[in-house]
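Q: Listed below, chain by chain, are the residues.
There are 2 protein chains.
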Amino acid sequence: MDLVLIAILLGLLAVVYGFVTSRQVLGAGAGNERMQEIASAIQEGAQAYLKRQYTTIALVGVVVAVLVFVFLGTVPTIGFVIGAILSGLAGFIGMNISVRANVRTAAAAQSGLQQGLTLAFRAGAITGMLVAGLALLAIAVFFWYLTGPGGHAPNSREVIDGLIGLAFGASLISIFARLGGGIFTKAADVGADLVGKVEAGIPEDDPRNPAVIADNVGDNVGDCAGMAADLFETYVVTVGATMVLTALLFGDALGDLLMPMMALPLLIGGACIVTSIIGTYFVKLGKGSTNVMGAMYKGFIITAVLAVPLIWLVMDQALGGMTTEIGGAPAGIDPGAPLAEEGMAEQVRTFTGWDLFWSSVVGLAITGLIIWITEYYTGTNFRPVKSIAKASETGHGTNVIQGLAISLESTALPTLVIVAGIIASFQLAGLMGIAYAATAMLALAGMVVALDAYGPVTDNAGGIAEMAGLDDSVREKTDLLDAVGNTTKAVTKGYAIGSAGLGALVLFAAYTTDLAEFFPDADVDFSLENPYVIVGLLLGALLPYLFGAMGMTAVGRAAGDVVKDVRDQFAGDPGIMAGTSKPDYARTVDLVTKAAIKEMIVPSLLPVLAPIVVYYAIYFLAGQENAFAAVGALLLGVIIGGIFVALSMTAGGGAWDNAKKYIEDGHHGGKGSEAHKAAVTGDTVGDPYKDTAGPAVNPMIKITNIVALLLLAALAAG
Amino acid sequence: MDLVLIAILLGLLAVVYGFVTSRQVLGAGAGNERMQEIASAIQEGAQAYLKRQYTTIALVGVVVAVLVFVFLGTVPTIGFVIGAILSGLAGFIGMNISVRANVRTAAAAQSGLQQGLTLAFRAGAITGMLVAGLALLAIAVFFWYLTGPGGHAPNSREVIDGLIGLAFGASLISIFARLGGGIFTKAADVGADLVGKVEAGIPEDDPRNPAVIADNVGDNVGDCAGMAADLFETYVVTVGATMVLTALLFGDALGDLLMPMMALPLLIGGACIVTSIIGTYFVKLGKGSTNVMGAMYKGFIITAVLAVPLIWLVMDQALGGMTTEIGGAPAGIDPGAPLAEEGMAEQVRTFTGWDLFWSSVVGLAITGLIIWITEYYTGTNFRPVKSIAKASETGHGTNVIQGLAISLESTALPTLVIVAGIIASFQLAGLMGIAYAATAMLALAGMVVALDAYGPVTDNAGGIAEMAGLDDSVREKTDLLDAVGNTTKAVTKGYAIGSAGLGALVLFAAYTTDLAEFFPDADVDFSLENPYVIVGLLLGALLPYLFGAMGMTAVGRAAGDVVKDVRDQFAGDPGIMAGTSKPDYARTVDLVTKAAIKEMIVPSLLPVLAPIVVYYAIYFLAGQENAFAAVGALLLGVIIGGIFVALSMTAGGGAWDNAKKYIEDGHHGGKGSEAHKAAVTGDTVGDPYKDTAGPAVNPMIKITNIVALLLLAALAAG
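Order-wise, the sequence lines are chains Y and U.
Start counting at 1 in the first sequence, then tack on 257, and there's your number in my numbering.
Start counting at 1 in the second sequence, then tack on 257, and there's your number in my numbering.
Among the clues, some could well be false.
Treat identical chains as interchangeable: a pair holds within one or across any two.
[Claimed, not checked] Below, simulated DSBU-like cross-link-like pairs (lysine-lysine); rule was C-alpha separation at most 35 Å, straight line:
#	residue 1	residue 2
1	K821	K643
2	K855	K643
3	K851	K643
4	K541	K821
Hints were generated in silico from the structure; no laboratory data involved.
These figures come from a predicted structure and were not determined experimentally.
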């Protein structure tokens, strides 16, 4: 049977799982009237957000689609549109499930911890499976159509450019969703706190605060819709880049193995969808246990361990045995081209199925290690979080100092793991080894996203339980469920940026091989001895800093808008504070949406424009060959700078958040103590770190890389 | 006359200036008995610090000197010892002047603002001129001896290795001085605040607090001794690297121009000593003006503007006309060696004196721009500081968020300036152009260090005025003087790291040319397409993060030791709080010194060991050629990561500090307001950022580079 069709079927399996499970989730009891009223306010807000956000993105998308069409032609445009629509769809469905599962989780927690966990995790699993399934379907169906009915060779320019277009569509949406969502959620959070807790003196999660619903919507907007679009994009880019690299590096030299090798990344994705679905059924508490994180681990470990034999199986079948020699003489690249002269021989060396298999296992191991390290840095049981909690005793300043120290430190182990992964997989199978390690990492996306998307559901469930005045025992259960949320959210971000570190080499290789194909006469010197390479590396490393600064500032400004709006509502209708009239939640949500969308435009343009501006600036000053070198170095500079900014921000933010929770659990004086006040400051600082600036670095890196590839294609065409 | 002897004479001129001026400073009135009592406590503390710090450094120095001797021979060992001793001496003398000038500045401020400014600035100028003068003398005398009485050719291996040894000695001392001083000053500062203000409820700068003298000693230890050693090192490494590169890249091909070209960097340094001395006499307030920063600028601008014709003059004389063609066929490198194949041709192309002249002007321009940008980001008149002050209104969290946003943002303009400088100077004269831009930057060190070393003098003067109960009008004047201190301190740090950015390419070129000379058969691939290059870049970029984390944590731990010691002193002698007995200042100082020295060991080892560990790890896994590539990439990775960490920390910390000062000037509610409390938190966070972790990154970068050069020499010898 056609290998690509098998991948499509497995992608459909994920979608079917999503639909079946969503019927289960939506069929669960939705609680009492008060709970439903609150939940419907959140849903109403979510609708308002989605409407405006998608309207704006659609406008930008149409303009970009026209530009893609003009410069690159039909196939990349179709790819772009598919990527953009499905990326948006993954976020849309995930968020819609999430805002309905929250109230049902609160209701289920009334029966017991296991019931609450099952409901919340299933809701997360729906988003997870849809992200992985839709991403796999997007690539597989598009590839199947182009190579089947479309009649293009698997390594033809049409297929390659189509896949790059697809990745571009997914990335463009994801940077908007990630950054817009990140600004939204933290502007609403900080704004609601400032005007509610500080000014009006009403408690957190008080329904009289018009911004409180925006705050709850924000959890879904950022950690569900934004994250889903981000991981969809990471999946499409990584798996797509592996296929593109296969076509560019080997092409016809693979002979009969060309089609199986192009389909293999899709099959690995499909295999892991199966194991992820199995894994979801193992997320269960032991008898009488309250170890929620342990239940999560069980599900993940089952998924990853089962993936090993299944990846072996699909490889063995696709390649006709694990000892088949793959690769050989470079094809698709003129061996006489200057670029291909050095290094290339190493990259296109032959390897066997076993080499690719072990490279994939390296990818699975990296994922496991990053999860483990992230838990160490953000979990309440370990030194880092405890050290921040202890530092809170001596005040706000020492809390923030220790938090920053931990955030800097937390980059070390993941970097070493990524470096070890690069070396191991490269030694196994050259550049393709690295590509397979990255693909195997992303193949687990279904399970990883499930763990993350579970977070906002339980977070909202706790808020609803509080606002609806449910019994304290319910809130205790949702708190237990929510406690691991900070860690699982940090895990996904570390995982996404870690895969970006591995994928950077793959994308850079796509850039250099594309360059060799489009400009065979260009003698581009990518050596560190070329000053234009250093210039590119410096400018690339600057991007995440500037981007982070813009994101942090945007949160502050948008939060100010929220404060003003809430003051207006209070002044215009005294009944709101008296509890006799309902505040206009939708108005605040719409305002935050508008502010978030306005604020996300400039930072989002940064990675889109940077490669183009750097190319033309260096072209003008030092000629085309140096311009190509500088842009190439820019691509690696952005990952080398970005990986540290993103890792430090996401782990640091999670650690600050949990240090506050640790104190609230009764340590260092507990709630209301001076240490707690200091920990609240740290938590506030960590918010835009971990939810706005940090996670948006991942799509930023990808978009810079993809724009550079499109630039090459446009320059070659023009 | 021998060109090198002229440089030696100009170096001596700086030393003479230092002695003459120090007689003037020490001859000024030292105030009343109470003031002298306080000042002598600070001096006593400074002695205690110097004794222990230098004892430890001497022990480490002897061990390292023996290692250098065993692996590299006599000449590098002599160089190492000279570099180490003079680096320590520059800090020693500077600090000794500083702790005597503080009380005299307080006394002079009684007569008027101009009198206080003159005294404080002259004290700073002594340190500045000694740093520049001793650094110039160290290189020039050593070079003169080796090429004269020693009988070695200017481009012989002995001279090259001697200069590298000299740089290593200076760097090793400077990382200890910078990091140890940084930990000392902030541990004392934070510790004194915690136990004095928070626990005992006594005001800041209260003489009953045993840690308060340590706090004042700390200003001198960090910003005077540490900074002087750091800039001494930067000077020696930059000017030395320019000479080493001249010898390695051109060598005998320069013919009669070899000696003049080797001496030229020294002459540029000497010329700028003359203009710096002239500049110091222009640091004067206009009639009735209180614009202290303006007076500083006058001095700097005179120095930089006069440097232009003087640099032209020494070049014209040394090269025998500005249109002389320099360079040509590579020498000293086997043109058949693989490394020399590409890129090298561009680097060794011919150029004229005019090209070197304009490259030097580029260096002067970079210095001016960095000062201007730093003032924008840390001065109280501009958006960044004002935005942090405004964000303080809504609390601790928003203050820190905005401060972090500014700290991230502040990296952008300096990076663009450095990038523009690299491109401009490279286009003028290839790699030598970049080397001359960096040399011209450092030639201004005398003036820049003067601006910086002025800071702790006025800071202490204010403290002494406060503690001695002088008239409020005196404190007002010292406050006016001190206000610009935060900016000038940030300026020096930005300047040092900026020159490191430019110098990175020079040091990397020294690494690659050394590699080509020592291992002519090694086919090392420095291309970004080589995964081991990416591994090196990632590991290099990790170093400043890990180093920063260690520095921040060390401050927290050492501050805890201070708290314990002060509690013990209070408990042991109730007379201290009653004011009837004197606390044991020296004991606290000694304790902080011990803690600082203990804490600085591990982070200091990081850059020393990193190149060696990376070399052997990659050698074992992937062979020697990849190991060389990874170590080379590590050198650039550490600068690409480090420049952003250092710039963001130093500018961000300065901005936080001045935002607090801006509020204390009566904005946003002034002293005691909620905004002020939030600003104090930001200031505390900024302290270890700007005074411990950030500035130590510069010597860390250099040491990594120099250890890599020594590693090559040791491998070649072994």
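Q: The structure should be examined with respect to each hint, and the outcome stated for every one.
A: Hints, verified against the model:
Proximity of K821 to K643 under the C-alpha cut-off of 35 Å is restricted to the inter-copy arrangement: shortest distance 21 Å between copies versus 37 Å within a copy. Taking the shortest Cα distances, K855 and K643 sit within 35 Å of each other only across copies (23 Å), while inside one copy they are farther apart (38 Å). Taking identical chains as interchangeable, the C-alpha atoms of K851 and K643 lie at most 35 Å apart only when they sit on different chains, with a minimum of 26 Å there against 39 Å within one chain. For the identical chains of this complex, K541 and K821 are neighbours neither inside a copy (45 Å) nor across copies (48 Å), given an alpha-carbon limit of 35 Å.
Hint 4 from the earlier list is the only one contradicted by this structure; the remaining hints agree with it.
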